[in-house]
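K.L.:
Following the hints, position chain B against chain A.
Protein chains: 2
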Amino acid sequence: MYMRNPKNNDPDSSHYSFPLDFMVIVDLCKMEVIKIIRLPLGSDQTATAIGSAVPHRRTNPVEPEYDHRLQKNPPRTTLKPYQVIQPEGASYTVNGYLIEWEKWRFRVGFNWREGMTLHDVSFDGKSAFYRLSLSEMFVPYGDPRNPVYRKGAFDLGNVGAGVTANNLQLGCDCLGLIKYLDGCVVAKDGSPAPRPNAICIHEIDNGIQWKHTNHRTGKATVVRKRQLVLQTIITVANYEYIFMWYFDQSGELAFETRATGILSTQPIDKDAKVAWGTRVADGVMAPYHQHLFNLRIDPAVGGHKNSFASTDTVPLPWDEDLNPLGTGFITQQQILDRAGTVEDDISKGRVFKILNENVQNPVSLTPIGYKLVPHRSQMLLARPGSWHSRRSEFCESPIWVTKYKDRQLFPAGDYTNQSLGGTGIKSWISEARDSVRNDDIVIWHTYGFTHNPRVEDFPVMPAEMAQVRLSPYNFCLFNPANDVPPSTQAFNKSVELTEKPASQNSSGCCSQPKSHL
Amino acid sequence: MYMRNPKNNDPDSSHYSFPLDFMVIVDLCKMEVIKIIRLPLGSDQTATAIGSAVPHRRTNPVEPEYDHRLQKNPPRTTLKPYQVIQPEGASYTVNGYLIEWEKWRFRVGFNWREGMTLHDVSFDGKSAFYRLSLSEMFVPYGDPRNPVYRKGAFDLGNVGAGVTANNLQLGCDCLGLIKYLDGCVVAKDGSPAPRPNAICIHEIDNGIQWKHTNHRTGKATVVRKRQLVLQTIITVANYEYIFMWYFDQSGELAFETRATGILSTQPIDKDAKVAWGTRVADGVMAPYHQHLFNLRIDPAVGGHKNSFASTDTVPLPWDEDLNPLGTGFITQQQILDRAGTVEDDISKGRVFKILNENVQNPVSLTPIGYKLVPHRSQMLLARPGSWHSRRSEFCESPIWVTKYKDRQLFPAGDYTNQSLGGTGIKSWISEARDSVRNDDIVIWHTYGFTHNPRVEDFPVMPAEMAQVRLSPYNFCLFNPANDVPPSTQAFNKSVELTEKPASQNSSGCCSQPKSHL
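Protein chains in written order, with the UniProt record's numbering: chain A, 1 to 517; chain B, 1 to 517.
Extracted from the complex, chain A is given alone in its bound form:
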């Protein structure tokens, strides 16, 4: 329970800055209050009884508001406009939900639960992925006290990333030349409920793609890194999640998660501290929590029969003939035979690959593949056997591999509201240890944030970012970005900020004077 800011009583005041010290249990069928629970305000379970003489202590944040209209001070004025111009239009084409851009070709889908999905993704004329989707998301909280110890939401299964998708607005959520795609979900009465502008598409410039200077001749060649971005944003009560797919000219595909919005807060006594939360403002405590996401990767690398490999890089043993200086190292590859989990090991430089063992790369003489670069993070903190743990089966391990089965899309089970466990990915695997080598397989990557709030996360949180990447690994015949045209001033039209006269070299672009030392 929260209240509005008593100083402005505005409908857009951030009530998360003003948490109340009680919680109400309501029978939603009868719409009757069953019980009022006073919250603990100190460092332990102790709570003042309802009706006790202790009045609710008002909070007094340094800055309680995120809405600029309500902030204590006006916005800064130091920021100069920054505009992106594409005078000849976009480099991509959109035909319905079919998108083509720089050797990529794919279709976009959208549904109530998963929001944006990608289908039939091919690169350089070759199939890479059949279906890519965010499959689930669990947000358990770490405060061990009654009544908040139950708090844990499945934001996809309980709510839905499609139904909560923001209507993205020109000039607000994207920059540059923007194409919007609409989504659609189903209303209570079965009629279509459009989700206009649910996805925005635009290109970005992400610095340098590749460069080399021939130091013998001074000739430099530079190519810029253009990317295509598909973005969708969801609002789940206090939190916002931004999900972005980045397509790169090098054949890389990255899925970015940005967590922003507002911390879920609780009241706390003056000067009290708790071991499971941070004081983010006077009287306001933000409990530690986790955001655990699962990315479902249904690959089709050169076809549907794929394998999943873990490759370690390990030192060679000392050997008088073949490693006399102790400097040699090699790779050891293990291909997964049966459905199950795969552990990570950074100390071995472990790399995860989706391989097609039926298609050999004629250059490397090894199977074609795509590498999964995981976002490495802590798994579920709730105790094994707890309800949190039983219900969120996918949160135990960073990587799961299963054989493809119809209707297995949701790794915490189809129905997560008040679920009892036993219906998620761990249960599927324990029921059938299917063969997953050279078969139609699905890879499930669990990643997330253990979010122990900082004062800087209040009253609104700067986006916390994580990227999962999929990179071609001996999939092409050579660097697919080799033919990106050189970066030139005629094309880029940059401007030098200078007091001195413009550089003499600015016409003969990119030449590198030889060093004379």
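Keep in mind that the hints were calculated from the coordinates and are not lab data.
Errors might be hidden in some of the hints.
Any copy, or any two copies together, can satisfy a pair, since identical chains are not distinguished.
Derived DSBU-like pairs: lysine-lysine, alpha-carbon spacing no greater than 30 angstroms straight-line [as the list claims (entries may be wrong)]:
no. : residue 1 : residue 2
1   : Lys-405   : Lys-7
2   : Lys-348   : Lys-179
3   : Lys-273   : Lys-7
4   : Lys-179   : Lys-7
5   : Lys-80    : Lys-179
6   : Lys-72    : Lys-7
Note that this is a predicted model, so its numbers are computed, not measured.
P.N.:
For chain B alone, kept in the frame of chain A given last:
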């Protein structure tokens, strides 16, 4: 030894596509050839003897050239121009080497060995870092065979990141409104040798900084993420390294490394495979190698007396009173007392913080700090006791903490050319386990890539990227990006790519229609 492309014999042909099968040992004092060694071409040490009847096998890459003028096909024509316009100028000011931007204030330095350095970095009026620098870089190769088993370069100690800094050209290496800074090194005769345009400075738009939609009123507030980028690029023979500092409005500072340029290659027989390298083209083998960097962080978080903490997030034990559902978790913080290494542990969600125990944040009631978010990677693969290992002391552990000492800047020792070990950071620490709590300390973060080349990395390599981040952790009183002005169409001037009429909502920016389901 390499040859030019026999098909074009151009001075800018990529000779790395045409490796020869011998190596020459030269006495550099007498300039005399001492020995010619024939390279092994198969999967083991066996090499054909010099003068044997086996002729050198010519390589035949699918695409041997990266220079667009020499490539088999012309560049793609699908990419439309993308320009960045700042009509009112830059948001930063440059006064000599003093830069001020969005609550940040710092000075830029430059020298032969380290290239770009940062000094006296403060955020929001408060000291954060005294000096930030790339301190060393080691590139050992994994081919265990004579003569290449010796290959391993200290790119800073042996060569220098300042002396090899590229002269950055307008429209080639940066995009938008660019300010260049010149560097200077020393020539053989002691005279100044300018390194013009060694650093480029510009702003970028990196998507959304924060967003929240009040789902009760539909009011959305969005703020974009502007960043200031300082970039420098070095060419060390075949490889290019791009180093970038990103300053963020949220108080975050990120150091990005991009590895690009050309693989160091060796010849290989038709159809032969080796366990320590990849066939990247017909007859061309690229050996596995590592790039190990060390970032030196000399902090001054609220002053020079700082401490270094590792914080784990751990489950609470089951407890009838305080954790009856098994969902609770807390943090456990350990502060380093003596100079040494600090290990990582992702399974514990380990977070690394630089704290000032003398300055309490009045909101959180905990010390002010900055968090180090490391780039997690494999450490040195060469065997303990090998020359590689003895010479690259910093490559053993991801994090080192020392007490500040004058002239301790280079963690593989001051003189790395043909060094014998015993002069780097491990030696400093074993000589004196100084107290590092609440003292003038230095943090050294080793990170890198184990680079097992892909076919896609040839003939030129798409940039491989790694980021190390420094984020305020209870350093401010609230979100320092709270006062960034809202993202509006009037400011951003985006353009909708549309066949349908422009959205009705595009004037009333950012409002979010309430959902009616």
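K.L.:
With reference to the structure, classify each hint as holding or not holding.
P.N.:
Results of checking the hints against the structure:
With identical chains, the CA atoms of Lys-405 and Lys-7 are never at most 30 angstroms apart, being 56 angstroms at best within one copy and 53 angstroms at best between copies. Taking the closest pair of Cα atoms, Lys-348 and Lys-179 never come within 30 angstroms of each other, the shortest separation being 43 angstroms inside a single copy and 42 angstroms across copies. In this assembly of identical chains, the alpha carbons of Lys-273 and Lys-7 lie at most 30 angstroms apart only when taken from the same copy (26 angstroms versus 73 angstroms across copies). In this assembly of identical chains, the alpha carbons of Lys-179 and Lys-7 never lie at most 30 angstroms apart, being 41 angstroms within a copy and 45 angstroms across copies at closest.
When the C-alpha separation of Lys-80 and Lys-179 is checked against a cutoff of 30 angstroms, the pair qualifies both within a copy, at 25 angstroms, and between copies, at 15 angstroms. When the C-alpha separation of Lys-72 and Lys-7 is checked against a cutoff of 30 angstroms, the pair qualifies only within one copy, where the shortest distance is 11 angstroms, while the shortest distance between copies is 70 angstroms.
Comparing the model with each numbered hint stated earlier shows that hints 1, 2, 4 do not hold.
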